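Asks: Whenever a hint applies, use it, and build me the whole structure from the sequences.
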Amino acid sequence: MMTLMFPGQGAQHKGMGSAVFSQFPEQMRQAQEILGYDLAAVCAEGGPKLNDTAYTQPALYTVSALMHMDLVRRSGIRADYVIGHSLGEYNAMLAAGVIDFATGLALVQKRGELMARQNGKGGMFAVLDPDRAVLDAVAAELGGDFSIANDNAPNQVVCAGGTAALETASRQITARQGGKVVPLKVSGAFHTQHMAAAADEFRAFCAKQSYRKPAMPVMSNQSAQPHDGADWPARLSAHLTHPVRWRQSLAYLAAQGPMLFQEVGPGAVLTGLAKANLQS
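Under this note's numbering, the first residue of the sequence shown is numbered 13, with each subsequent residue one higher.
Quick caveat, the hints were computed from the structure, so don't treat them as lab data. Small disclaimer: the values here were computed from a predicted structure and weren't measured. Think of the CB as a built atom: it goes at the ideal place given N, C-alpha and C, for glycine as much as any other residue. Accuracy of the hints is not assured; some may be wrong.
Quick list of simulated restraints, FRET-style, between CB atoms [what the hints assert, rightly or not]: (1) R188 with Q221: 43 to 49 Å; (2) G279 with R224: 38 to 44 Å; (3) S87 with R188: 46 to 52 Å; (4) K197 with G27: 18 to 24 Å; (5) P166 with Q274: 17 to 23 Å; (6) A209 with Q35: 35 to 41 Å; (7) R188 with Q274: 35 to 41 Å; (8) V84 with A263: 26 to 32 Å; (9) A288 with A53: 44 to 50 Å; (10) R90 with L140: 33 to 39 Å; (11) E38 with Q237: 20 to 26 Å; (12) G279 with P166: 19 to 25 Å; (13) G155 with R85: 47 to 53 Å; (14) Q237 with L272: 19 to 25 Å.
Replies: Here it is in structure tokens:
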């Protein structure tokens, strides 16, 4: 069996997509029409604009989508499961036929804009080789303003919270030898309750879109199980305020039988996480 994996924010880099943009003129025309700017130019220039959440999300979605289309056209590959990390879940939905390219782009554009509005209200840091008991204890002490946002692998989690809570948590984790804290260059506490306002508005936007039955199972970051295909607006909005359970998702997939994992999109972050999870 095969699982295709689509990356999320953090995989973007200057020049991404240059090999596929010219191959898909219709999708690039749609992108220009929906976004109102030259996406290829944003990717070519890189820098602060590409790393701005409002631009990063449409850019990554588009590049991963075109790379998947190119892969299918060249190889005829068809996955048994699809999974995306955070933003990448929209590419998984596209690959499974739940949404079309234009709908997905409109969704991630709105998602990026709403999340960008929360800038300055918190942040995130990674913890390498975490002691999960220490993290749980610190989270309990901080009363819900600090939590695990991405459970990526046995040796890596990403935590998020308010600015003051993060500073306290970082000190406490280091003092208690709970793991190595690595600050991340993000300006929001994604996948936490700090995104609640964005989630409410996003649900209303999602409700205006059309969704189809998936052609293959789409893994849910929230449940670490395949989506049941019901009430996509509720699930997509809740995705903003709930953690990405990547470790648990890969454990579910590995339990289905012999599985080949292939990353589709810029970079190789998910390939590394797959190795870390499956070797454990």
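Asks: Each of the hints needs a verdict: does it hold here or not?
Replies: So, going through the hints one by one against the coordinates:
Distance hint for R188 and Q221: a CB-CB separation of about 45 Å, consistent with the stated range 43 to 49 Å. Separated by about 29 Å at the C-beta atoms, G279 and R224 break the suggested range of 38 to 44 Å. One distance hint, 46 to 52 Å for the beta-carbon pair S87 and R188, holds here, with the actual separation near 49 Å. Between K197 and G27 the CB atoms are about 19 Å apart, so this pair conforms to the stated range of 18 to 24 Å.
Checked against the given bound of 17 to 23 Å, the beta carbons of P166 and Q274, roughly 22 Å apart, stay inside it. One distance hint, 35 to 41 Å for the beta-carbon pair A209 and Q35, holds here, with the actual separation near 39 Å. A hinted range of 35 to 41 Å holds for the C-beta pair R188 and Q274, which are about 39 Å apart. A hinted range of 26 to 32 Å for the beta carbons of V84 and A263 is consistent with their spacing of about 27 Å.
A C-beta distance of roughly 35 Å is found between A288 and A53, which places it outside the suggested range of 44 to 50 Å. A hinted range of 33 to 39 Å for the beta carbons of R90 and L140 is consistent with their spacing of about 36 Å. Distance hint check for E38 and Q237: the Cβ-Cβ separation is about 35 Å, which falls outside the suggested range of 20 to 26 Å. For the hinted restraint 19 to 25 Å between G279 and P166, the CB-CB distance of approximately 21 Å keeps it satisfied.
Between G155 and R85 the beta carbons are some 51 Å apart, a value that agrees with the proposed interval 47 to 53 Å. The supplied range of 19 to 25 Å is met by Q237 and L272, whose beta-carbon atoms lie about 20 Å from each other.
Hints 2, 9 and 11, counting from the list given before, are not met by this structure.
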